[in-house]
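Using the hints provided, position chain B relative to the given structure of chain A.
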Amino acid sequence: MIARILLFSALFAAVLVGCAIAPSDERISADASAMIKNSFKARGQAGLDRLDQDDTQRLCSQAAGKTPPRDVAERIEKQNLATIKYPADGKLLGDWKNGEKIAQDGRGKQYSDDPKGPVGGNCYACHQLAPQELAYGTIGPSLYRFGKLRGYTVETQRYAYGKIFNSEAFAACSTMPRFGHNGILSEQQIKDVTALLMDPASPVNQ
Amino acid sequence: MRLACFAAAACAAFAFAASAQNSTTEGIAKYREALQEGNPAELWEARGEGLWKAPRGPNKVSLERCDLGLGAGVVKGAYAQLPKYFADADRVMDLETRLVWCMVKLQGISEADAKKNPFGNGNDKKSDIEALVAYVTSESRGVKMNVSVAHPKEMQMYRVGEKIFYFRGGPHDFGCVTCHGADNQRIRLQDLPNLTKIEGTQKAYTTWPAYRVSQGELRTFQWRLNDCFRQQRFPELEFGSDASIALTMFLAKNANGAAFDGPAIKR
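So the protein sequences, as listed, match chains A and B.
Under my numbering, the letters of the first sequence match residues 34 to 239, in that order.
Under my numbering, the letters of the second sequence match residues 192 to 458, in that order.
Note that these hints are calculated values from the structure, not bench results.
Output of the computed footprint for chain B on chain A, the stretches with three or more beta carbons under 8 Å from beta carbons of chain B: (1) 84 to 92; (2) 142 to 153; (3) 156 to 166; (4) 169 to 180.
As the structure is a computational prediction, the values presented were derived from the model and not from experiment.
Backbone N, C-alpha and C define an ideal beta-carbon position, used for all residues, glycine too.
Bound-form chain A, shown alone (with noise of 0.2 Å):
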């Protein structure tokens, strides 16, 4: 009798434990933020409500690296581009000069940098531009030509111009950071890297 109450418990025991299956995806993502949460602190500028996730963050993480399927995409890609905001004046070209100095200047929004800025747009650490500098980076495509190629319509420097200022409107989860609507970059420092491309004397065009 002894012996079988044994078995039945042993067997009601692997059953619990059978029973703790595999927690689902969705717990997991769950602790992740949650994990998040705990485990870092406020530094700098850098507050701990960067750590919240807006939309398209949420939705680009559940992603995990690949193209969304076709209804998220076309969903994050129509909020984002309703955010955009161009230029009160209809100007969308500054000096490429400037832009320059932007597409080379890293700095910005780190806790190691100095919260007064400046802030820069860091272009080359992911694509090529002016075909002088020779370190950038390949996590984007190369922008050598981008005017020349495209042609120098007010068309094109609009999407220049929106691309940067919300890179999500025009490719859902993007690795590009939306430099206007996250206030990365002022209205002033857009229209001179939208300058940089499609200005016909920048370097990028020659």
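The following block gives chain B in isolation, referenced to the frame of chain A:
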């Protein structure tokens, strides 16, 4: 030593400007090869061995009874199977958090004191943790990575670590995957390992810790993660935090099967 390295780096930089892209990559490869001949990490390894064996803390005992997962005092091969679940702490721990645990439990040092100086400054401020990590990891050189996820808490950390790898946030929308999600990418001229693939993870993970020539300092994996998040524009990753251990678990387990090859030397 450091001046010579910087001079070499400066010469290499001028050479880059004068040559085409392909020879730039070759130049970097040659520079790295030259660095392999003498690795200052040995200085950290020697200091770490001294610290491991010296009676320290209020209890005036050494770390030689510290259990790194293979039994009390076993250092050989221990790093190649970390992180792992430790029943005494009821927690998954990486090497750094386990060292802190041993300093507290064996030597009687307060946790705050044990954790207060995890990273040196490449100059007068040296970190005991970095030296101890250099010593312990050097005792796994050539040992195949063999990290277990058999315990439910190990599996949990691995799966959460994977989610954190893909977590995008901050003003730049960056996550680990932004830079480490594809083959043959670089930032400026720095090659980036693809950590979504086994081969890329094996090559990267087995070469940390490393002596960083540009910093004159031996850097641990905790430091590597800390500085990646700084560049991601996140707040500061806390030393020994659960997220840091989860990410380490994700990467270390994916490196299984590759021979550990650290401490290495890097730019």
